[in-house]
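Undergrad: Spelled out from the first residue to the last, the chains are:
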Amino acid sequence: MLHIFEGGGRLAEDAVLAAMFEARKRVFVDLLGWDVPVLAGRFEVDQFDDVHARYLVLTDRQGSHLGSARLLDTRRPHILGALYPELCEEEVPSGTGIAEITRFCLDRRLRAPERLIVRNQLVSALVDHALGAGIHLYTGVAEMGWLQQILSFGWVCRPLGLPRPIDGTLLGALAIDIARDTPSLLARAGIYQPPVAVIEERRRAA
Amino acid sequence: MGMLAMAEGFGRAIEEAETSDDLREAISEITTKLGFDYFALTHHVDVERVPHASMRLHNYPENWVDYFDGNRLAVSDPVHRASHVTSVGFTWRELPQLIAMTPSDRMILALAREEGLGEGFTVPAHVPGEARGSCSFACPTGRPLPTHILPLAQLAGAFAFEGARRMWRSRTLGPPPHPVVTDRQRDCLIWVARGKTDWEISRIIGISPQTVVRHIKQARERYGVEKRTSLLIRTLFDGTISFTDIFRR
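Protein sequences appear in the order of chains L and B. Using this note's numbering, the first residue of the first sequence is number 1, and each one after it goes up by one. Using this note's numbering, the first residue of the second sequence is number 1001, and each one after it goes up by one.
It is possible that part of the hints are untrue.
Chain L side only, calculated, beta carbon under 7 Å to chain B, not exhaustive [what the hints assert, rightly or not]:
#1 111
#2 145
#3 148
#4 151
#5 152
#6 170
By construction, these hints were calculated from the structure, which means they are not laboratory data. All residues carry an ideal CB built from backbone N, CA and C; glycine is no exception.
Just chain L, same shape as in the assembly:
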């Protein structure tokens, strides 16, 4: 099941969001060792998790977290613009219709074949969401090992600059063009598997 949250995530109010912040802590802090803030020892929440953030969260029927991604509006502070502008050789792409994919998170409890299914559903949901929301370009910062996977999804993806070593990893900035034919490109790569049920939980910004 796909849950879409707009207008930010208040984790106290929603079990699905709370589970997502917990899953993010398990992946990005416990597994990948990122130096990012942790709330109450359980939730990974940073300065971009504000009322402007948008979330796509996949859960099972019981509401347990399977995977999630955060979308940031590039007209506002976002990761590439605020933290890693040096990864872009030219200006950081920003503006209407350009969103940054961040915190792409696959739950640690998933086994290898389930991970691939959840990953495919999440990528498909990101593309479908973009088409519905008028997003024509996604940007993102990726570690090099992840880059090979992003390329394998079959969408049109290009580097925004040369990869650089940052905090012990090699990071690169990418842009992904989203157009009407993107779902068929994903399908050709065997990736397009949109989640069956979509639950839109639009929240008004405070």
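Starting from the known structure of chain L, fit chain B onto it as the hints suggest.
TA: The following block gives chain B in isolation, referenced to the frame of chain L:
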């Protein structure tokens, strides 16, 4: 030309290739533009044994390729092994920092140098659920690596691998390049990998020991292997099970 413009040019050239000859030509040209002479892009499997289950594209010296294949080096090649322990490109000089080098590893590198392959840079390529691979760029013996260009070579390697992968997938189409086991067979395999006996596995997943034996036997048959160890190695290698599955929690 700026490095980014070069990277974009590489991406386009790879995208436009329609046949594997086109692609080989495009990557050869990229290799030259990066300041190298040789490239090899490959899945890390024994090409002599499974010629169609894997892809390989290169312009290495023929003598070296014959020797490499003749001695079934693909799976034990130190460069390939090192690319399984990192996701970031590395120079061949860095090999001893990545893996424990054996005398035969050093011999392989020395032989490669004799055949004209000197210093090199390898970009590991791992797509989950598929055999691991890499894209290497090398200089003729005696010429130093174009160090300043390595970040660009990193990107070029990743895009080249994906270009080849896309072409190879569209040719092999349909079913995945490795046998598929059932969820139950997979569960049993993971417990075998964790060192459990058939009886222990039967208690853990709540089936009879005979059924455990049958699941594993059927999985072996799908892979056409005699031994459980071979089955574990094959399934780990092609991504049917992962180290994370075995060591989780």
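Undergrad: Going through the numbered hints above, which ones does this structure break? Give me the numbers in ascending order.
TA: none
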